[in-house]
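Listed below, chain by chain, are the residues.
2 protein chains.
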Amino acid sequence: MKEKFAELKRRLQEVYDLRGAIHLLYWDQATYMPPKGAAARGRQLATLEHLSHNKLTDPAIGRLLDELAPYEQELPYDSDEASLLRVTRRDYERAIKVPVEFVSKVSAHRAASFDVWTRARPANDFQAVKPYLEKTLEYSREFANYFPGYEHIADPLIDLSDYGMTAKTIQALFAELRQELLPLVRAILEQPPVDDSFLHRFYPEEKQKAFGEKVITQFGYDFQRGRQDKTHHPFMIKFSLNDVRITTRFDEHNLGDGLFSTLHEAGHALYEQGIAQELEGTPLASGTSSGVHESQSRLWENLVGRSRPFWDHYYPELQAVFPDELQDVSVEQFHRAINKVQRSLIRVDADEVTYNLHVMMRFDFELALLEGRMTVDELPEAWRERMRTDLGVEPPDDKDGVLQDVHWYSGFIGGAFQGYTLGNIMSAQFFQAAQRAHPEIPEQIGQGQFDVLRGWLTEQIYRHGRKFTASELIQRATGQPLGIQPYMNYLRQKYGQLYQLDRVTAPS
Amino acid sequence: MKEKFAELKRRLQEVYDLRGAIHLLYWDQATYMPPKGAAARGRQLATLEHLSHNKLTDPAIGRLLDELAPYEQELPYDSDEASLLRVTRRDYERAIKVPVEFVSKVSAHRAASFDVWTRARPANDFQAVKPYLEKTLEYSREFANYFPGYEHIADPLIDLSDYGMTAKTIQALFAELRQELLPLVRAILEQPPVDDSFLHRFYPEEKQKAFGEKVITQFGYDFQRGRQDKTHHPFMIKFSLNDVRITTRFDEHNLGDGLFSTLHEAGHALYEQGIAQELEGTPLASGTSSGVHESQSRLWENLVGRSRPFWDHYYPELQAVFPDELQDVSVEQFHRAINKVQRSLIRVDADEVTYNLHVMMRFDFELALLEGRMTVDELPEAWRERMRTDLGVEPPDDKDGVLQDVHWYSGFIGGAFQGYTLGNIMSAQFFQAAQRAHPEIPEQIGQGQFDVLRGWLTEQIYRHGRKFTASELIQRATGQPLGIQPYMNYLRQKYGQLYQLDRVTAPS
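Chains as they are written, first to last, in the numbering used here: chain Y, 21 to 528; chain D, 21 to 528.
Everything labelled a hint here was simulated from the structure, so no lab data went into it.
Straight-line alpha carbon distances no greater than 30 Å define the calculated DSS-like cross-link-like pairs of lysine-lysine that follow:
| id | chain 1 | residue 1 | chain 2 | residue 2 |
| --- | --- | --- | --- | --- |
| 1 | D | K125 | Y | K22 |
| 2 | Y | K29 | D | K125 |
| 3 | D | K234 | D | K250 |
| 4 | D | K22 | Y | K125 |
| 5 | Y | K56 | D | K29 |
| 6 | D | K229 | Y | K229 |
| 7 | Y | K229 | Y | K514 |
| 8 | D | K56 | Y | K75 |
| 9 | D | K229 | Y | K250 |
From a predicted model like this one, the values you see are computed outputs, not experimental measurements.
Can you build the whole structure from these sequences, using the hints too?
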């Protein structure tokens, strides 16, 4: 059995190393690749993706999994070995259910659709992408139907990024959240607007970069095992547990943009850098779901990085970096500005409170499209209608409406968005549990110390990689199933104070 | 046949794309990889090298080559198709002769040997690397013996980088060259030394970089299909014909170091960028030998970049970039300084004239070691002895003697060095032929125009990739077999003028 297990690990390590190489090809494409390198890069990626798929679906892996099943039965559920077999079986069985021709067909369609979208968005031309989006919807349904027995057609798609979650449970959670968020948003928006004009003074890129890197180093991001580069869209990417890179962007007239991107991506990276080294080279060496991943980026960006204790410590340092720009701005003013709530059209620029309304709208539309309750044709108008209802603002065009996000134009419809809001909900539940275990955390944040918080997160979440599902992790770490109350309590308390909303802040 | 040919090309493209990915892994390792990413990177490289070897030696490729042999017979020798089949057969037959276990064993030994050398060199500890070097010699002989029927044991090793060349022909060429070089070097070194102290003033990196990149852009290096980054050792690397990158280094107290590295690597890159796009994705899309490659780096670095017409044009620009540092230096003084000949210990820092003496010594030692005429033990002393004889200078220690080059400590003994001097010899023969076809070339260089020269090189050399061997290329491009006279004429004329050597400059 030991030999068979070693043989399985050897084969999985090949897949893992190929995935690492694929990630480097993507990273280089987004950072340093010269423009005319694109065509060959697409070909290299297709070749390596194909090899990686073939290696994972090799029938020898299926045989080893079968032969090792009795061995797995004898091992504790949470042992590295049992977890490796369990998660590999899940990956393998999912991979073999989808014909390789379908994978190639979808891959080519994605590339074509993305290409059209990159031109359609600036041209505000929904009609150009419409046929591609209709095809994407068709492929998304086809993908789901390789997994018969689902409760909801979106479930196999949700499983891809948030394994174990279902349309039904997410719908229930989101309905509850929306019901509580809408009155909070309305109450905030009745208050006088916050002045954040000073965030748009001139902040030289180099100084922004140095300050952000100092902060994330103090968070615990290890530059010996990572680095930060510039890209159009910030992201985190991993080549191995000891090479976890982040990217950011800078706007010299928007101090918040680069800084909070850096903190956000560092949150993702802390998760990956915190995975136990024993899991390296296996399918367990990765974050467990998009929701849990997003919980960490949002926790470090928002619950830590936009908190008052954090800025009580760092604001004098920031003022010292930008003395001319910030000398007339108090920490209260700064803290209010970086937490300004407003009606806005673009999800990625939305504040912490309204952000989820953007996400839940997209999730609802995905379900409606997959179920056939809505057509692609009806999408732009439905988008405007829902923006009016939930956010009180209507996009003047599709560019800032239905065309704004890349997801549907470069992947499936279904499963693309729920992780963002699941992550927000989880972030507060994890943070509450961490504070329960270590009440000194806010005070430590106020001293620029993050070891206790990161230690708790590492112990409860990071080190396990994919050993546990999101639901298992949440139950183990917080003693509760996932629920919206910690998150709503957090928002009510924070924004109640910031906007002096006595009436709506009473905990329910 | 068309289908079989297409199937062969499809398989070869997989190998090509894997090689592109491997090169990106190496590039990243040398440029941006965080320090602790090294272990996983080694593993990823081993995995991809193994896959690439398996893909190339797949028996299906052998069958396709056999089946396509009659088709090849009907095609013109220099057609893309016949050349593809001919070169693939050569690669395939070489690859299958070497057992995969030997490849893995050597690969592991190289990594270990390199690792020991990186510490042994600064510690001046030849004894530490001795057992590794002895093993390397053993493996080098073993490699050669997988190719029975050779005339000289070094031939299969030389074939790896300079296909078609043999120990015998190179020995004859080098003996002739050494005989003519030694008196020239002695005559030069009898002259008063040249003052190059002003090259060691303070030259800020950013300005050096901008100037170098401007020059190579004018050479024709296409930054849309490449880029320049910084590394410890400069190199050129290719991911596809449309992504050919170079690296350089800067010493702010040595103007020549970074500038001529940039020109040198750009020469390599012009070759790769000049290969016909129709060859992309095949084994033909590469330079044909290390000698021809080096001929191009040296041609652009030395015959162009250290020539007087070149500096008549660029020196005023360089002075404008560094007005304080160069205002008291004339173009004559500058041109003499960048062509200063001197006794030196380190090959990579040697001037154009003495450089080949360093290389030929190493080549002779490789043959002596492989033949068993010399032991590894005798190498350090033999090194000192030959340095005294040929260069009139003796290394005070092994660090600046036998330990100075990485080649033997990370690869085979045999075939590692001859390309450098072959390249120098070829560079002058090619340049002479280009000038014969286009006598206006020196005048154009004096105007900062390189289109005619690059056009001739592209037509005669670059576009063919690996379609022709080095010898075929030289015969086609220059109408002659390789010979030392163009090179010696070039050196005699240039250095005769620079050092006013009337007596030795008469052509023989």
